[in-house]
Amino acid sequence: MTRRVHPLFILMTTLTQLRSLVIPIAVILFNDLKNDGFGIYTMIGVVVISFLLLVFGIISWYFYTFTIDEQTIRVNKGIFRKSERTTQRQRIESIGINQNLLEWILGLATLAVETSSDSGKPEVELKGVRLEFAKQLKSTIGTAVLPSAENAETAVTYTVGLKDLVTAGALSGRLGLALVGFGAVYQFANRFIEPYISRAFDELLHLSLMILLILGGMLLLLIYLGSILVFVLRYGSFRATRDKQRMTIGYGLLNRTEIVFHQDKVQALVIEESWIKRRLKRAHLSLHIISASGEEEKLLLHPFIRTSEIDDFLSRFLPRFQLQNPQKRAVERGFVYIVRWPLLGYSLGLLLLNGAMLYTLPEPFRYFGLPFLLLLPVYYAVARSGYQNTRYGHQDDLFVLRKELVNRETIYAPRLKIEAFSSHVSRFLEHKDILKFHLTLRGSTVFHAGYFTQEEFEDVLRWYQQTFLKPPASPAGTRLSDDE
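Using UniProt numbering, read the sequence shown as starting at 1 and increasing by one per residue.
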């Protein structure tokens with residue numbers, strides 16, 4: 001029997017299309033506001049656009065049909081270009097129910113049917129059905145196609161709570177990106193709100209410097225809280241499931257993203273620990289995978305896991321990767337060449353900051369930047385301590401490369417996933433017998449750390465070349481063993 005999705009699909013489609021037109025509509029409204037207010041033609045234009053989007057939603061709903069029978073699941077949609085997706089029920093491996101924020105508000109859901117193909121995407125997606133109906137369909141389809149309990153392997157699932165997401169967002173270091181985004185939005189909107197901004201600046205000039213500093217701090221705090229909110233909206237409802245060798249990772253409150261991939265597609269596991277996260281004994285896990293289109297993607301695996309739980313977590317979700325403690329340390333004489341450029345950059349930045357403050361600020365505030373110069377020796381001491389943890393190691397077919405100054409990054413890469421292993425060093429350092437390891441994965445992703453010696457590089461190179469070596473053939477006339 002052929003059915004249509006719920007009529008609320010019309011409203012969901014209309015609001016989704018309207019969201020994509022927010023920026024053009026905002027430009028028109030701001031432009032009218034800058035001149036003489038909203039004109040009659042502007043209001044007519046907004047009404048006409050909204051009406052056309054509503055008509056588009058109704059037509060999309062009318063042509064969005066699905067059929068579920070004893071053998072197949074078929075979904076038809078499209079107005080100008082017809083699209084039909086059909087899958088055999090016996091090929092179904094898993095069935096998921098997803099909700100973005102808009103679907104959650106409307107009480108709708110998306111039913112995702114995944115098969116044994118390696119496309120990396122659900123074979124069939126049914127959008128705009130009631131949540132209760134989606135659960136009923138999942139139960140009906142699942143009891144008919146899923147294997148029996150004695151032959152099925154229990155899927156393992158984990159979710160990330162809101163508290164961990166908020167904490168991870170607060171420690172993610174995204175304030176800089178938030179400031180860049182705020183600056184970009186301001187540049188875009190400046191021509192429309194310039195009179196109001198100029199008036200506000202004129203009012204602020206009459207305030208004391210202390211009040212201006214407080215207002216600036218409050219603005220930074222709002223931007224910082226906004227960066228946390230963006231992180232939570234992006235990774236909210238985080239859920240990952242391992243079913244045999246297939247991993248499903250889904251996240252997002254506003255725009256739900258769900259990626260399905262085979263574990264063999266994982267190129268590397270990356271464990272990132274900032275200085276603050278190490279104090280809290282937490283870490284950030286991510287994966288580098290090759291998608292169905294052959295492109296490299298970086299996926300969040302866990303934003304805020306306890307370091308004591310990583311080993312058990314990997315054994316359940318990524319058994320190919322085992323937590324290791326690499327023993328081969330970077331050479332001591334390489335530290336000064338690692339730290340020199342960051343230290344020089346920070347020094348110049350602080351000197352320029354203090355110069356600007358001395359030149360522009362009044363007497364009580366012009367020396368506020370001088371205490372920040374004390375951060376330079378602190379950075380040097382922390383970086384020197386962290387450099388002791390720059391190491392490498394390999395066990396069986398897994399290579400581990402760790403680099404650390406202030407923040408720590410550890411890469412786990414299977415030998416067969418390493419496309420190239422090389423060394424890099426400047427001519428100035430060539431005679432000092434130190435070099436950096438460069439690890440290239442498929443998709444041109446490069447990891448590097450140093451400094452190590454030429455002898456250590458050759459040791460890793462011999463291990464890496466075992467990938468391409470064939471076992472030696474038995475000499476002619478050699479008697480075969482019983483097993484052969």
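Hints may be right or wrong, so weigh each one.
[As the list claims (entries may be wrong)] Distance windows between CB atoms, simulated:
{"hint": "1", "residue 1": "Ile276", "residue 2": "Val156", "range": "48 to 54 Å"}
{"hint": "2", "residue 1": "Leu353", "residue 2": "Ala26", "range": "34 to 40 Å"}
{"hint": "3", "residue 1": "Arg415", "residue 2": "Leu254", "range": "54 to 60 Å"}
{"hint": "4", "residue 1": "Asp397", "residue 2": "Arg279", "range": "31 to 37 Å"}
[Stated by the list, open to error] As a list, the in silico BS3-like pairs of lysine-lysine whose alpha-carbon atoms are at most 27 Å apart:
{"hint": "5", "residue 1": "Lys127", "residue 2": "Lys77"}
{"hint": "6", "residue 1": "Lys328", "residue 2": "Lys244"}
{"hint": "7", "residue 1": "Lys281", "residue 2": "Lys328"}
{"hint": "8", "residue 1": "Lys265", "residue 2": "Lys298"}
{"hint": "9", "residue 1": "Lys163", "residue 2": "Lys82"}
{"hint": "10", "residue 1": "Lys265", "residue 2": "Lys77"}
{"hint": "11", "residue 1": "Lys77", "residue 2": "Lys138"}
{"hint": "12", "residue 1": "Lys138", "residue 2": "Lys127"}
{"hint": "13", "residue 1": "Lys281", "residue 2": "Lys298"}
{"hint": "14", "residue 1": "Lys163", "residue 2": "Lys298"}
{"hint": "15", "residue 1": "Lys298", "residue 2": "Lys417"}
{"hint": "16", "residue 1": "Lys135", "residue 2": "Lys244"}
{"hint": "17", "residue 1": "Lys298", "residue 2": "Lys244"}
{"hint": "18", "residue 1": "Lys135", "residue 2": "Lys77"}
{"hint": "19", "residue 1": "Lys432", "residue 2": "Lys328"}
{"hint": "20", "residue 1": "Lys281", "residue 2": "Lys244"}
{"hint": "21", "residue 1": "Lys138", "residue 2": "Lys82"}
These aren't lab readings, by the way, just hints derived from the structure by calculation.
The beta carbon of each residue, even a glycine, is placed where N, CA and C say it ideally should be.
- [ ] For the pair supplied as a hint, Lys328 and Lys244, confirm whether the alpha-carbon distance does not exceed 27 Å.
- [x] Violated: Lys328 and Lys244 sit about 35 Å apart, past 27 Å.
TODO: For the pair we were handed, Lys265 and Lys298, check the Cα-Cα distance against 27 Å.
DONE: holds (12 Å)
Open item on the list: Next pair to validate is Lys163 with Lys298; report whether the Cα-Cα distance is within 27 Å.
Closed with: OK: Lys163 and Lys298 at ~23 Å, within 27 Å.
- [ ] For the pair supplied as a hint, Lys265 and Lys77, confirm whether the alpha-carbon distance does not exceed 27 Å.
- [x] Violated. Lys265 to Lys77 sits at ~31 Å, over the 27 Å cutoff.
Open item on the list: I want to verify a distance hint. Is the separation of the beta carbons of Ile276 and Val156 within 48 to 54 Å?
Closed with: Taking Cβ atoms as reference, Ile276 and Val156 lie about 30 Å apart, which means the hint is violated.
TODO: Would you check the hint for Lys281 and Lys244, treating anything up to 27 Å between C-alpha atoms as holding?
DONE: It is violated: about 30 Å lies between the C-alpha atoms, which goes past 27 Å.
Open item on the list: Check the hint pairing Lys135 with Lys77 against an upper bound of 27 Å on the C-alpha distance.
Closed with: holds (22 Å)
Open item on the list: Between the alpha carbons of Lys281 and Lys298, is the straight-line distance 27 Å or under?
Closed with: holds (23 Å)
Task: Straight-line alpha-carbon gap Lys135 to Lys244, limit 27 Å - done: Holds, at about 23 Å.
Task: Proposed proximity, Lys328 with Lys281 (alpha carbon, max 27 Å) - done: Answer holds: Lys281 to Lys328 is near 23 Å, not above 27 Å.
Open item on the list: Check whether the Cα positions of Lys127 and Lys77 lie no farther apart than 27 Å.
Closed with: Holds, at roughly 11 Å.
TODO: Measure nothing beyond the straight line between the CA atoms of Lys77 and Lys138; if it is 27 Å or shorter, mark the hint as holding.
DONE: Given that 27 Å is the threshold and the Cα spacing comes to 21 Å, the pair holds.
Hints 1, 3, 6, 9, 10, 20 from the earlier list are contradicted by this structure; the remaining hints agree with it.
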